[in-house]
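Engineer: Please arrange chain B on chain A, whose structure you already have, making use of the hints.
Each protein sequence line maps, in turn, to chains A and B. For what it's worth, the working numbering labels the leading residue of the first sequence as 46, then goes sequentially. For what it's worth, the working numbering labels the leading residue of the second sequence as 288, then goes sequentially.
If you're looking for bench data, these hints aren't it; they were derived computationally from the structure. Please note that the accuracy of each hint is not assured.
With a cut-off of at most 25 Å between alpha-carbon atoms, the simulated DSS-like pairs for lysine-lysine come out as follows [to be verified]: (1) A:K338 with A:K145; (2) A:K76 with A:K340; (3) A:K76 with A:K338; (4) A:K273 with B:K326; (5) A:K340 with A:K57; (6) A:K76 with A:K250; (7) A:K414 with A:K346; (8) A:K57 with B:K320; (9) A:K57 with B:K313; (10) B:K466 with B:K429; (11) B:K466 with A:K239; (12) A:K250 with B:K429; (13) A:K237 with B:K429; (14) A:K421 with A:K76; (15) A:K145 with A:K340; (16) A:K273 with B:K429; (17) A:K237 with B:K425; (18) B:K429 with A:K239; (19) A:K273 with B:K295; (20) A:K57 with A:K338; (21) A:K340 with A:K421; (22) B:K326 with B:K451; (23) A:K250 with B:K425; (24) A:K248 with B:K425; (25) B:K429 with A:K248; (26) A:K273 with B:K320; (27) A:K273 with B:K425; (28) B:K451 with B:K324; (29) B:K331 with B:K466; (30) B:K324 with B:K466.
Between beta-carbon pairs, the in silico distance windows are [unchecked claim]: (31) A:S457 with B:G388: 33 to 41 Å; (32) A:G190 with B:W424: 39 to 47 Å; (33) B:G388 with A:L200: 15 to 23 Å; (34) B:H342 with A:V256: 26 to 34 Å; (35) B:L369 with A:W78: 39 to 47 Å; (36) B:L369 with A:I469: 37 to 45 Å; (37) A:E341 with B:W394: 47 to 55 Å; (38) B:P383 with A:H379: 37 to 45 Å; (39) A:I163 with B:W394: 30 to 38 Å.
Positions of the beta carbon are idealized from the N, C-alpha and C atoms, including for glycine.
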Amino acid sequence: MATEKNIYHIGKPLAAMDDDVLRPIEAFPTKLWWGAFGVSAALALLGVGTIIYAFIVGLGIFALNNPVGWGFMIVNFVFWVGIGHAGTLISAILYLFRQKWRTSINRAAEAMTIFAVIVAAIFPLIHVGRPWFVFWTFPYPNERGPLWANFRSPLLWDLFAIATYFSVSLIFWYMGLVPDFATLRDRFERYKAKSKIGNFLLKVKAVAYRVLALGWVGSAKTWQHYEKMVMLLSALATPLVLSVHTIVSFDFATSVIPGWHATIFPPYFVAGAIYSGFAMVLTLMIITREVFKLKEYITLKHLENMAIVILVTGMMVSFAYTTEFVMAAYSASHNEQYAFINRLKGPFAWAFWIMFTCNVVSPHFMWFKKLRTNVKALFAISIVVNIGMWFERFVIVVISLHRDYLPSSWDSYDPTWADYAVLIGSFGIFFTLFLMFIRTIPTIALAEVKADETNSQLSHH
Amino acid sequence: MLSIAEIKRGLFSYEEASRGFVAVVKSAADLLKAAEKAKEANVKSFDCYSPCPIHGMDTAMGIHRSWIPVITFLGGLLGAVLGLSYITFIDVFNWPIIYGGKPYFSWPAYVPLLFELAIYFASFFTVFAVIGLGGLWKINRKPPVEGITSDVFAIWFGDATLQKADVERILSGLSVEIKEIQ
Chain A
46 MATEKNIYHI
56 GKPLAAMDDD
66 VLRPIEAFPT
76 KLWWGAFGVS
86 AALALLGVGT
96 IIYAFIVGLG
106 IFALNNPVGW
116 GFMIVNFVFW
126 VGIGHAGTLI
136 SAILYLFRQK
146 WRTSINRAAE
156 AMTIFAVIVA
166 AIFPLIHVGR
176 PWFVFWTFPY
186 PNERGPLWAN
196 FRSPLLWDLF
206 AIATYFSVSL
216 IFWYMGLVPD
226 FATLRDRFER
236 YKAKSKIGNF
246 LLKVKAVAYR
256 VLALGWVGSA
266 KTWQHYEKMV
276 MLLSALATPL
286 VLSVHTIVSF
296 DFATSVIPGW
306 HATIFPPYFV
316 AGAIYSGFAM
326 VLTLMIITRE
336 VFKLKEYITL
346 KHLENMAIVI
356 LVTGMMVSFA
366 YTTEFVMAAY
376 SASHNEQYAF
386 INRLKGPFAW
396 AFWIMFTCNV
406 VSPHFMWFKK
416 LRTNVKALFA
426 ISIVVNIGMW
436 FERFVIVVIS
446 LHRDYLPSSW
456 DSYDPTWADY
466 AVLIGSFGIF
476 FTLFLMFIRT
486 IPTIALAEVK
496 ADETNSQLSH
506 H
Chain B
288 MLSIAEIKRG
298 LFSYEEASRG
308 FVAVVKSAAD
318 LLKAAEKAKE
328 ANVKSFDCYS
338 PCPIHGMDTA
348 MGIHRSWIPV
358 ITFLGGLLGA
368 VLGLSYITFI
378 DVFNWPIIYG
388 GKPYFSWPAY
398 VPLLFELAIY
408 FASFFTVFAV
418 IGLGGLWKIN
428 RKPPVEGITS
438 DVFAIWFGDA
448 TLQKADVERI
458 LSGLSVEIKE
468 IQ
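Bound conformation, chain B alone:
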């Protein structure tokens, strides 16, 4: 069964790379290996940075699958329910008028509207969820090392118990360049 803590972990897993060590690796393949090593070493907080999404990164890092689809579904449902309630209030209670001999509550004619409203709400919920969960409203953020948005792949260790030697040990076997962030 899902616990509240697990849902919370899935939703709010993002952490700012404000302290700790960041290791620049040579390629996307190396980043995947580095993520595996960090997972195996049970590092509490770490994250990978790349110019593009990398296939298999979720499993390599061992992060929970995204909860975005649930938010999308709730958004769509809310859109349709709100739309139907509002139209019913207007057509049945507030100002009932007979158009073309049809009943006050003529639901088949509302289907196109409810469809559009469901999609509208679902889309906006999805986008705002991504902005919210990734902290994207903080526009003054910078990537932990320069070039992440161009061609640099890096892994960040935020675990306060780790020293530089520990990071080197975890990533042994990969050619990396380790830097400390304060």
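Extracted from the complex, chain A is given alone in its bound form:
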């Protein structure tokens, strides 16, 4: 087992780790960063512009129609919430299972979670049509009756689940950052003392990191409370992360629409969320380690481990797809059976087969060690998986809605320019936030990497 541990051993002096990890924050951004930021920000502007336009003229610019009342907005919402699951899974569940390899990827994965949840939260806001009334969903004493929220509705549970998940992920992430912000604070304090001319930006950064570091001095008595806190927040976040997509699946499963009304939905959604989330972490980690020269910290072994998680969850998702068909066949309900035949052969069969190819076939490439350790192959598969997972939500939402009980009410669904603009824009917002993150916040949990190095040396003595 000793060799197992050494795979993640970096073997560098602690101060050198500071230099490696904090370089992207202290150096002037590269052209590559500016290029990526420019493209992402442009796409984000397209998305935000379309959303503002939708708020002005109304939801008519989207392709929603009578049977398909949930369109791209709900597809995108479920997709992004799903992406937001991997971060907490890595930081909490893998922490509880003492998986050492999580240390160097958990920070970026948690950041990804927070940005994905922010992006996801935009879509219900658009979907309600009149976002300026969205505060009505909060049960506070009011002058409208009082008009309270319905506590028996899964849509309200969803609001609570997403709000709790976002807040808890945010404080978990922030508290994890405090010791690293203290490292940055002390470094910027030194730079400020060195530079004779008053550099305004340097002063602003020094003040910002001072405030964010919360007076952290590295006392053992504080570390003791702090470590207990990390353990407790992990223990709290583990059921929380599983509850979030469970409750998102309740939005569908508690309805009576054929194709939605299924008891397999909660575990099926959670497995799908972990699957797509890990694919997104893989995409981002491959980019980060290449661009910021962090290959000693995010090694091939890390990528391989993530590939194995994708393989396992991919098979769980495939199993859920099969179960859905078997349950429909066995249900003795014509509507349920038709819903699944319509997936295979209906007008949106292409979407089903894209989903099937991407999600059921592609993870099986991960059986081969050669492909698991090939960065280009991993990058390609991670993107294919995310395309597949977007189509999974499209299949669930649109195919189930466009033909339900009454053939006279059947209709099609034809996304408009605005639907596509908001979808593309959501990626723009996500990547803009992520690029700003890697320029201002340590991408690798320095204190945790140092703890692993220091404590593994202690056990050698």
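Structural biologist: Below, chain B without anything else, positioned relative to chain A:
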């Protein structure tokens, strides 16, 4: 049995390193040894400083285990109780409406909400407890020696009865660099 004084000691053990002596040691292993020596010498107030948590430091320093889990539990309980009381007030007393033929007080439907509220309160209680007990709101603090947040390991003695020679005697056998803080 637990005494109030013991709970207080466990909760409010943190002290500012504003005076006394600070000794920089070579490594995390040396810091553990230094903490053991300080404990054995019965130094009243001392603390260790490191860039990362060190396994076994609690026992080496002889500090009480953290009370954070109790605070977390109380927070979670408070969240669930407050949530249930509020929902009951609304659904049973303030505006009773029958939804889908279910009773006014339909507790199974409240479980997801109470679960989320319990986790929300527990998490925030935990974080605010750490901020409060470690005095982390004092943002203008500085580590007692430079480099603690990078790669320096140090031990601080705040006991007013100690002189520099006493600190040297306590830490004899370790290669240290002792500084006085005013």
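Engineer: Against this structure, judge whether each hint is valid.
Structural biologist: Here is how each hint holds up against the structure:
Our distance criterion of 25 Å between C-alpha atoms is met by K338 (chain A) and K145 (chain A), whose separation comes to about 21 Å. For the suggested pair K76 (chain A) and K340 (chain A), the alpha carbons sit about 20 Å apart, so the restraint of at most 25 Å is met. The suggested pairing of K76 (chain A) with K338 (chain A) holds, with an alpha-carbon distance near 15 Å, which does not exceed 25 Å. Distance hint between K273 (chain A) and K326 (chain B) is fulfilled; the C-alpha atoms sit about 22 Å from each other, no more than 25 Å.
With a C-alpha separation of about 13 Å, the suggested pairing of K340 (chain A) with K57 (chain A) holds against the 25 Å cut-off. For a cut-off of 25 Å, the pair hint linking K76 (chain A) to K250 (chain A) stands: about 22 Å separates their Cα positions. For the suggested pair K414 (chain A) and K346 (chain A), the alpha carbons sit about 11 Å apart, so the restraint of at most 25 Å is met. Pair hint K57 (chain A) plus K320 (chain B) holds up; C-alpha atoms about 23 Å apart against a cutoff of 25 Å.
Note on K57 (chain A) and K313 (chain B): the hinted pairing holds, with a Cα-Cα distance of about 16 Å set against a maximum of 25 Å. For the hint pairing K466 (chain B) with K429 (chain B), the CA-to-CA distance comes to about 16 Å; that is within 25 Å, so the pair holds. Only pairs whose Cα atoms come within 25 Å are accepted, and K466 (chain B) paired with K239 (chain A) is accepted, the gap being roughly 24 Å. As the CA atoms of K250 (chain A) and K429 (chain B) are separated by approximately 17 Å, the hinted pair is consistent with the 25 Å bound.
For the proposed pair K237 (chain A) and K429 (chain B), the alpha carbon gap of about 15 Å is at most 25 Å, so the pair holds. Note on K421 (chain A) and K76 (chain A): the hinted pairing holds, with a Cα-Cα distance of about 23 Å set against a maximum of 25 Å. A hinted pair counts as satisfied when its Cα atoms are at most 25 Å apart, and K145 (chain A) with K340 (chain A) qualifies at roughly 17 Å. As the CA atoms of K273 (chain A) and K429 (chain B) are separated by approximately 23 Å, the hinted pair is consistent with the 25 Å bound.
Straight-line distance between C-alpha atoms of K237 (chain A) and K425 (chain B) comes to about 21 Å, which keeps the hinted pair within the 25 Å bound. Between the alpha carbons of K429 (chain B) and K239 (chain A) the distance comes to roughly 18 Å, so the proposed pair stays at or under 25 Å and holds. Proposed proximity of K273 (chain A) and K295 (chain B) is supported: the alpha carbons are some 18 Å apart, at most 25 Å. Of the pairs offered as hints, the one joining K57 (chain A) and K338 (chain A) holds, with about 15 Å between alpha carbons and a cut-off of 25 Å not exceeded.
Note on K340 (chain A) and K421 (chain A): the hinted pairing holds, with a Cα-Cα distance of about 15 Å set against a maximum of 25 Å. Taking the CA atoms of K326 (chain B) and K451 (chain B), the gap is about 17 Å. The hint holds against a cut of 25 Å. Distance restraint check for K250 (chain A) and K425 (chain B): the Cα-Cα separation of roughly 18 Å lies within the 25 Å cut-off, and the hinted pair is therefore satisfied. Proximity of K248 (chain A) to K425 (chain B) is assessed by CA-CA distance (about 19 Å); at most 25 Å being required, the pair is judged to hold.
A distance of roughly 17 Å separates the Cα atoms of K429 (chain B) and K248 (chain A); the hinted pair therefore holds under the 25 Å criterion. A threshold of 25 Å between alpha carbons decides the hint, and for K273 (chain A) with K320 (chain B) the separation of about 23 Å falls inside it, so the pair holds. Restraint check for K273 (chain A) and K425 (chain B): the C-alpha separation of about 21 Å stays at or below 25 Å, so the hint holds. Distance hint between K451 (chain B) and K324 (chain B) is fulfilled; the C-alpha atoms sit about 15 Å from each other, no more than 25 Å.
Distance hint between K331 (chain B) and K466 (chain B) is fulfilled; the C-alpha atoms sit about 19 Å from each other, no more than 25 Å. At roughly 18 Å between alpha-carbon atoms, K324 (chain B) and K466 (chain B) fall within 25 Å of each other, so this suggested pair holds. Separated by about 36 Å at the C-beta atoms, S457 (chain A) and G388 (chain B) satisfy the suggested range of 33 to 41 Å. A C-beta distance of roughly 41 Å is found between G190 (chain A) and W424 (chain B), which places it inside the suggested range of 39 to 47 Å.
The hinted window of 15 to 23 Å between G388 (chain B) and L200 (chain A) holds, with their beta carbons roughly 19 Å apart. Roughly 31 Å separates the CB atoms of H342 (chain B) and V256 (chain A), a value that falls within the hinted 26 to 34 Å. At about 46 Å, the CB distance of L369 (chain B) to W78 (chain A) agrees with the hint of 39 to 47 Å. Checking the proposed 37 to 45 Å range against L369 (chain B) and I469 (chain A) shows it holds: the Cβ atoms sit about 42 Å from each other.
For E341 (chain A) and W394 (chain B), the Cβ-Cβ distance of about 53 Å falls inside the hinted range of 47 to 55 Å, so the restraint holds. Roughly 39 Å separates the CB atoms of P383 (chain B) and H379 (chain A), a value that falls within the hinted 37 to 45 Å. Our hint of 30 to 38 Å for I163 (chain A) and W394 (chain B) holds, since their Cβ atoms are close to 33 Å apart.
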